[in-house]
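Note that the protein sequences, when read in sequence, are chains A and B.
Read left to right, the first sequence gives residues 1 to 242 (the numbering used here).
Read left to right, the second sequence gives residues 1 to 306 (the numbering used here).
Errors might be hidden in some of the hints.
Said to hold, decoys possible - Listed below are the simulated SDA-like cross-link pairs for lysine to any residue, each with C-alpha atoms no more than 25 Å apart in a straight line: (1) Lys270/B <-> Lys193/A; (2) Lys270/B <-> Glu9/A; (3) Lys23/A <-> Arg49/B; (4) Lys193/A <-> Ser50/A; (5) Lys202/A <-> Glu60/A; (6) Lys270/B <-> Asp13/A; (7) Lys270/B <-> Thr17/A; (8) Lys195/A <-> Ile116/A; (9) Lys23/A <-> Asp13/A; (10) Lys270/B <-> Asp4/A; (11) Lys210/B <-> Ala29/B; (12) Lys165/A <-> Asp221/A.
If you're looking for bench data, these hints aren't it; they were derived computationally from the structure.
Bear in mind the structure is a predicted one, so any value in this text is a computation, not a measurement.
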Amino acid sequence: MTQDPWSYETAVDLDRTLSERLKNFPREPDMLVYGARLLAGAILRTWLRSYHHLVIRGRERIPVGKSCVLVANHASHLDTVCLLSALPINRLHRAFPAAAKDYFFESMPRAALASIVVNALPFNRETSIRQSLALCQRLLDTPGNVLILFPEGTRSPSGELAEFKPGIGLLLAGTDIPVVPCYLRGACAALPKGKIVPRPRKIELTIGLPRSYAHLKRGKDSALEISADLRAAIETLRDSIP
Amino acid sequence: MSPSAALESPIFRIYATIAILLLAAGGAAIQILKRTSKLNLEPAWNSYRGWLIMVPLVFGVIFLGREATIVFFTLLAIFGAKEFARATGLYRDWTMMGVVYASIIACGVVSLMPDYGLYMVLPVYAISAILAVPILRNQSKGQLQILALAILVFIYIGWMFGHVAFLTNTDHPYAYLLYLLFAVELNDVAAFICGRLFGRHPLRTNISPKKTWEGSLGAVGFSLLLPWILYFSLPDFTPFERLLAGLIVGVGGQFGDLAISVVKRDVEVKDMGALLVGHGGILDRIDSLIFAGPLFFHMSRYFHGL
Numbered sequence: 001m002t003q004d005p006w007s008y009e010t011a012v013d014l015d016r017t018l019s020e021r022l023k024n025f026p027r028e029p030d031m032l033v034y035g036a037r038l039l040a041g042a043i044l045r046t047w048l049r050s051y052h053h054l055v056i057r058g059r060e061r062i063p064v065g066k067s068c069v070l071v072a073n074h075a076s077h078l079d080t081v082c083l084l085s086a087l088p089i090n091r092l093h094r095a096f097p098a099a100a101k102d103y104f105f106e107s108m109p110r111a112a113l114a115s116i117v118v119n120a121l122p123f124n125r126e127t128s129i130r131q132s133l134a135l136c137q138r139l140l141d142t143p144g145n146v147l148i149l150f151p152e153g154t155r156s157p158s159g160e161l162a163e164f165k166p167g168i169g170l171l172l173a174g175t176d177i178p179v180v181p182c183y184l185r186g187a188c189a190a191l192p193k194g195k196i197v198p199r200p201r202k203i204e205l206t207i208g209l210p211r212s213y214a215h216l217k218r219g220k221d222s223a224l225e226i227s228a229d230l231r232a233a234i235e236t237l238r239d240s241i242p
Numbered sequence: 001m002s003p004s005a006a007l008e009s010p011i012f013r014i015y016a017t018i019a020i021l022l023l024a025a026g027g028a029a030i031q032i033l034k035r036t037s038k039l040n041l042e043p044a045w046n047s048y049r050g051w052l053i054m055v056p057l058v059f060g061v062i063f064l065g066r067e068a069t070i071v072f073f074t075l076l077a078i079f080g081a082k083e084f085a086r087a088t089g090l091y092r093d094w095t096m097m098g099v100v101y102a103s104i105i106a107c108g109v110v111s112l113m114p115d116y117g118l119y120m121v122l123p124v125y126a127i128s129a130i131l132a133v134p135i136l137r138n139q140s141k142g143q144l145q146i147l148a149l150a151i152l153v154f155i156y157i158g159w160m161f162g163h164v165a166f167l168t169n170t171d172h173p174y175a176y177l178l179y180l181l182f183a184v185e186l187n188d189v190a191a192f193i194c195g196r197l198f199g200r201h202p203l204r205t206n207i208s209p210k211k212t213w214e215g216s217l218g219a220v221g222f223s224l225l226l227p228w229i230l231y232f233s234l235p236d237f238t239p240f241e242r243l244l245a246g247l248i249v250g251v252g253g254q255f256g257d258l259a260i261s262v263v264k265r266d267v268e269v270k271d272m273g274a275l276l277v278g279h280g281g282i283l284d285r286i287d288s289l290i291f292a293g294p295l296f297f298h299m300s301r302y303f304h305g306l
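In isolation and in its complexed conformation, chain B is listed as follows (with noise of 0.2 Å):
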């Protein structure tokens, strides 16, 4: 990965414009909805200015190649886990949350190296280090709830989310990262339409109550079609697998959606944070690709090798 591999790459380009596309298309049908019909549109603008911004900012960082991408997805690990430190009260540990920086630092170093075997023993060593904290200080009162939030941060936000990450030192990194990317945001935006169109029954009540059984399967749905969708940059891939992609995608997508909704209903929070207006934090933004991200890369990684 290079500007000029970037460049050079077809996978890239199509993807580039797709993006471009997309961006346009959605700018003027917000545009138009405003001025023909009444609907509040205040939200959906919103949240668009937000798309403004990260789209180039994550088509550039890609276009600069593997160590900026490495070092942005590194960087998003660690202010996703500032988020979920400050919302669960962990980010007053400076003890503690310096060893989970460190160890999502050396998650990113070790995805530069790269090191695939080191990299999927990392959590070895950090939970190692994590667990010799209190005993280095000789505390024990409260402190496993310390040392659980901990290891869920580093192994969740750090760890399985710096597979996306290391999706950059396989063969096709453009194709895997740019399909991933696309897929999982393009999920998210298929189960809020499907639900505004035709929501009726609740998914989920105790975890999130504006999210319906109608948006959720019309996302997997959505999300099967994909793959054969953006066949180009999935070639290799068999009918099997283009199932298996679009099911992570499609389920895992929304499983990471709640899992974080899960957090953030228990410790009674409505955003992660307040990054990007009509985005909340990042948790809020990369939620599905979290838990999405890492399956993905393992079933390409165990039919297609790295």
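Just chain A, same shape as in the assembly (with noise of 0.2 Å):
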């Protein structure tokens, strides 16, 4: 037979196991994880809701139709999908919170939850921190995406805010990225570091005013700057829930 032959677009991550699949990032949007993901986030609300009583001020703050930041503090594994169930439920894959790669990336059950569920981005913390943050910075470039941080870098046992690190200042210093700064509380009696099964302990979460940091220059100073900013602008939250 002579004709045109078909040409076949075939998936670039074909010879990938599964586990592989699952580590890459960016991953190539599939149908059935999507599925899963709506599935999980729909059960996770509904599990917040009733067994936690999560209560959300402020969701009409997160700016739509464009990339935005949320930045909270971390005391607890429910923080992220708190903060996740902030967001409308057909966001859910655009949202992408920051993980830890040495904690999320390394064990495949870890790292299909990680990505399945939540669509976490690897963040490494420890060896390639702007490699990262470039990572962070891409995701950003396209409108509608949400990365979600936790500038702590790691859940507080207390639950008290810890100090935060630089790297977000990196990422948002000179840009108009709005950036929303969120306070959680009662996850950290909810789920503590260390436990696996969560109490019924009522979760809050307040979303603040988004702000952005375009009228500073990039650098270090900056950076520390912007961290200590938004620190105190969680805190105000904080310090704001009667």
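Since each chain sits alone in its own frame, please combine them into the complex, following the hints.
Set out below in structure tokens:
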């Protein structure tokens, strides 16, 4: 038969194993993964609302139609799912919580959960912070993406707000990307570091007004200034809750 | 089919015993060769480790019963279809893939009911739904390729492979299903071993250059003998039906292998996926079963009913 052959656009990651594909970033959109994520999202939202009586204040402050960064205090694995619950469910595939590569992307079950359920971005907090920040930067270039960052860098065992790492400042200085400070209360009591089974404690998520740091020049000083400013903003949110 | 029925079924117990013996013999053979010869046994060992996962999995599912088996084979069909779609680029069309997945799930549901007549006419509904997709979204450019690929993936990997799950609804589910699985996989192994030992003349140069006539004919010969070796499994088969069963597995199994190889060669990929080291993707493992399964099903149904 002499006909023009069809051209096939084979998936680029066809020859990768499932675990390699899950750990890879950015991920190829996958219908079954999207379906599983939506299902998990709906279940988690119901769970948070009924078991933890999750209250979300200021949901409307999250910018729509353009990229933004959500920053919050970090004391529990529940933090990420609470923040994701503040977004409309169809925006779930565009939300990328930065997750520690050394913790979430080494073992297979965790990598599967991190990539399928929360769509996590593998953040290398030990060796190549610059590279990870560049990855974040590229995400934010696409309008509508939401990057979720915990500038403390790890979960705080006591629930107290720890010092912020300057990486967030390096990412935001001199850009008009809106950054939304958020404060989570109760997540630490519900599921502290080291525990597996969540306790039925109330969780409150307060979302602050978005701000941006276009007026600052890129550099170490402004990075420190931005992390301090965001930390102060989250402390203000904490103290403003009745 | 149920856990207690499986334990009471002599056929299930015999096959489970054979499986354990074959796995033990295979592992021992590889270990002995490793110590006595200079052959590179890394691929064989990888493949063997894959079998150590797959054999208990399949036996476990069949042990659990009819529903678990149908769900398992439907999942294999769905993920097989996904591999096919990823290799051919069809996976980018989410609407079409949604229709294909839904149709494959429909095959599983009809198997669960079970309704033989409805199962046989399912392609009518599925192809109608597939053809409706470009019409509903008012598109024509490049749609023929998408339609052709979607129909092929549903008919071949969804519906035809789904016959294997439908075997659980026959009067002799353990006998037919386990015979088919054993015969097809042993046929693959026989083709591989005969090819390695006696292979000289290439079988299909443009499709699968490593396969040889010697390997292929050796496997057909082995498969023709197998219905007599596993006599207990098909006691009411006449000699003619045993001959047919042997040919279906021996010839059909290799055609199934080559059919998937044609796709792989045309889209220029080596394996359809990378699920198990040493086995490639799901389709690389079940390729022979997709072809031989429905033929065996209809042959046994024609002579012995459901």
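Evaluation of the provided hints:
1. Lys270/B <-> Lys193/A: Not OK: Lys270/B and Lys193/A at ~45 Å, beyond 25 Å, violated.
2. Lys270/B <-> Glu9/A: Roughly 15 Å separates the two Cα atoms, so the pair holds.
3. Lys23/A <-> Arg49/B: holds, 24 Å
4. Lys193/A <-> Ser50/A: Holds, at about 22 Å.
5. Lys202/A <-> Glu60/A: holds, 21 Å
6. Lys270/B <-> Asp13/A: holds, 13 Å
7. Lys270/B <-> Thr17/A: Within the cut-off at roughly 14 Å; holds.
8. Lys195/A <-> Ile116/A: Roughly 22 Å between the alpha carbons, so the hint for Lys195/A and Ile116/A holds.
9. Lys23/A <-> Asp13/A: holds, 12 Å
10. Lys270/B <-> Asp4/A: Holds, at roughly 23 Å.
11. Lys210/B <-> Ala29/B: Answer holds: Lys210/B to Ala29/B is near 23 Å, not above 25 Å.
12. Lys165/A <-> Asp221/A: Holds, because 13 Å separates the two Cα atoms, which is no more than 25 Å.
When the structure is compared with the earlier hints, a violation turns up for hint 1 alone.
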